[in-house]
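Participant: Listed below are the residues making up each chain.
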Amino acid sequence: MSTALVVLDLVGIAAFALSGALVAVRKPLDVFGVLVLAGATGLGGGFLRDLLIGATPPAALQDWRYLLVPFIAGLVAFRFHPVLGRLEREISVFDAAGMGLFSVTGAVKALDYGLEPPAAALIGMVTAIGGGVIRDLLAGRVPVVLREELYAFPALVGASSVVAEVELDLGEFWVLVPGAVIAFGYRMIALRRGWHAPLPPGMDGY
Amino acid sequence: MSTALVVLDLVGIAAFALSGALVAVRKPLDVFGVLVLAGATGLGGGFLRDLLIGATPPAALQDWRYLLVPFIAGLVAFRFHPVLGRLEREISVFDAAGMGLFSVTGAVKALDYGLEPPAAALIGMVTAIGGGVIRDLLAGRVPVVLREELYAFPALVGASSVVAEVELDLGEFWVLVPGAVIAFGYRMIALRRGWHAPLPPGMDGY
Amino acid sequence: MSTALVVLDLVGIAAFALSGALVAVRKPLDVFGVLVLAGATGLGGGFLRDLLIGATPPAALQDWRYLLVPFIAGLVAFRFHPVLGRLEREISVFDAAGMGLFSVTGAVKALDYGLEPPAAALIGMVTAIGGGVIRDLLAGRVPVVLREELYAFPALVGASSVVAEVELDLGEFWVLVPGAVIAFGYRMIALRRGWHAPLPPGMDGY
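For the protein sequence lines, the chains are U, G and D, in the order given.
The first sequence lines up with residues 1 to 206 when you count with UniProt numbering.
The second sequence lines up with residues 1 to 206 when you count with UniProt numbering.
The third sequence lines up with residues 1 to 206 when you count with UniProt numbering.
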């Protein structure tokens, strides 16, 4: 992976690790529980991606920075969570940032490993939603991706735009940045404005 | 994989995807939640199978039909769920059909990848129960495989019969069809007649 | 893997399978539910380990003893659970034993596959906590690793000591035994004495 891609991957890991650690702080779990949930949330999406595309052992097990980042993010959240403020809002912002970044790195890495464009877009989405699903299953919460706000779709849109940009052979900046911005921005606007996707016909009275 | 095996795999994916989509419709989730649960349920068992036997990237990521089938099944369930009628019964029929088909395709593919007969039968069972377990974990339901009705055992019987038929070197029809019919039929009869497996001694008064 | 390592792996599988089967007996699940939860708990950690280090198909699918052990452990727990006595305490002892053994076998196998020491220690911890997490997710319980008692940290300490001992090039006994004893003993003492790790600052009044 290029340096830019590794940096985005590490920032995504930090964002997801913070979201997982804040969920753990809120229960509250002890310091080891916070670190385990930070690690599982930060690294879970990338583990899923690497297992599915056959890139084993996963990147996170071959590069100590991938282990250090969620460890530090977990400790920061543990110690400074009151400064981080109203937890629910912070969790959702960090979660959206991790989602946007992972939709990009997931799709690009899948293309690198020879997957076709539709499969690469799907892997981008799975990378983006995987860490949050693991966090929510471990914490006994309904996975955010299945709740009513738009989540999986922004991830898929971001990942698909990355795949399209790679096909168009644009420079690295134009491949890496717009997809993450699209996925993060779409998600945040949907969250703030309370956008909802359609419910099944006849079920919208619930 | 032979054409017949791919067809059975796709029909199993469609059946499980419908079961996942109907669980999602019933909560109710929005259209993207329905598609995510349809995809995770339809493709989850095969992903587990392919990861465990080392067939990465999984078949579903190398063949666009594997992605199209759960997408269409999810949209059909989203739009036409009132026509599909009483959801609980439909979910269990589609679920049993997917289970029967995956017990066959899982066992045959595991044998193709060189696993010994007992391991291949186990992989058949894991393929058959995996999608439903993922569906139920994501939806916050107790996995159907752990509830009281017979589920894992019919899957194991179906997968074991496939392994035996391959050992006997029968033709393709006799390898593929009886196992699926046995697993599906056993499950449906158990469900309709309320058959139960024994509870632990001293615990059956619950 | 050496014979000693396979023996420790099988004993760890038996211990975890008993813990899973006793959780199932306690719900109560039927005989097949008990066997499924015994198998998932006993083999889940090793499956995770082998998938993450790229050792597919997993050891449990290439050696019939790995399938026989959880099967027998499940049947024993199903039939003799009243003799096994007060279930909660037994579950936690078997669970701690499986955790200690898997922290060793996970770390050693990861080193064998070429992972760096910090990643190998992490794989040891994941192997040690994976089966219990799968058991608790399937059974609808909050994973024990996230509850307040010390769990992940003893596993990491045990796995780290193994990695250090391998680096020091000690004999097999000194590599395999101390790590398991440290992880198991630390966990049991923490459990019996009610040791707790620190809660997040400001959250300890909960």
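In case anyone wonders, no lab produced these hints; they're calculated from the structure.
Quick reminder that beta carbons are idealized off the backbone N, C-alpha and C, glycines included.
Treat the hints loosely; a few may be bogus.
[What the hints assert, rightly or not] Computed Cβ-Cβ distance ranges for the label pairs, DEER-style:
#, chain 1, residue 1, chain 2, residue 2, range
1, G, Ser-2, U, Ile-72, 45 to 53 Å
2, D, Thr-3, U, Arg-79, 40 to 48 Å
3, D, Glu-167, G, Arg-26, 53 to 61 Å
4, D, Arg-141, U, Ile-72, 25 to 33 Å
5, G, Pro-198, U, Val-142, 29 to 37 Å
6, D, Asp-63, G, Glu-172, 29 to 37 Å
7, U, Val-181, G, Leu-68, 22 to 30 Å
8, D, Val-142, U, Pro-201, 35 to 43 Å
9, G, Ser-2, U, Pro-198, 55 to 63 Å
10, D, Phe-173, U, Arg-141, 24 to 32 Å
11, D, Val-142, G, Arg-192, 33 to 41 Å
12, D, Gly-140, G, Pro-82, 28 to 36 Å
13, U, Val-7, D, Thr-3, 16 to 24 Å
14, D, Gly-171, U, Asp-63, 30 to 38 Å
Participant: If a hint holds in the structure, say so; if it does not, say that too.
Facilitator: A quick look at each hint next to the structure:
In this structure the supplied range 45 to 53 Å holds for G:Ser-2 paired with U:Ile-72, their Cβ-Cβ distance being about 51 Å. The given range of 40 to 48 Å is respected by D:Thr-3 and U:Arg-79, whose C-beta atoms sit roughly 46 Å from each other. At about 55 Å, the CB distance of D:Glu-167 to G:Arg-26 agrees with the hint of 53 to 61 Å. In this structure the hint that D:Arg-141 and U:Ile-72 lie 25 to 33 Å apart at CB holds, the actual value being about 30 Å.
The hinted window of 29 to 37 Å between G:Pro-198 and U:Val-142 holds, with their beta carbons roughly 34 Å apart. Remark: the range hint 29 to 37 Å for D:Asp-63 to G:Glu-172 is upheld by a beta-carbon distance near 30 Å. Separated by about 29 Å at the C-beta atoms, U:Val-181 and G:Leu-68 satisfy the suggested range of 22 to 30 Å. At roughly 37 Å, the beta-carbon separation of D:Val-142 and U:Pro-201 lies within the given 35 to 43 Å, and the hint holds.
For G:Ser-2 and U:Pro-198, the Cβ-Cβ distance of about 40 Å falls outside the hinted range of 55 to 63 Å, so the restraint is violated. Look at D:Phe-173 against U:Arg-141: about 45 Å separates their beta carbons, and that is not inside 24 to 32 Å. Take D:Val-142 and G:Arg-192: their Cβ atoms lie about 35 Å apart, and the range 33 to 41 Å holds. Taking 28 to 36 Å as the suggested C-beta distance range, the pair D:Gly-140 and G:Pro-82 conforms, at roughly 31 Å.
Distance hint for U:Val-7 and D:Thr-3: a CB-CB separation of about 46 Å, inconsistent with the stated range 16 to 24 Å. Checked against the given bound of 30 to 38 Å, the beta carbons of D:Gly-171 and U:Asp-63, roughly 32 Å apart, stay inside it.
Consistency note: the structure conflicts with the earlier hints numbered 9, 10 and 13.
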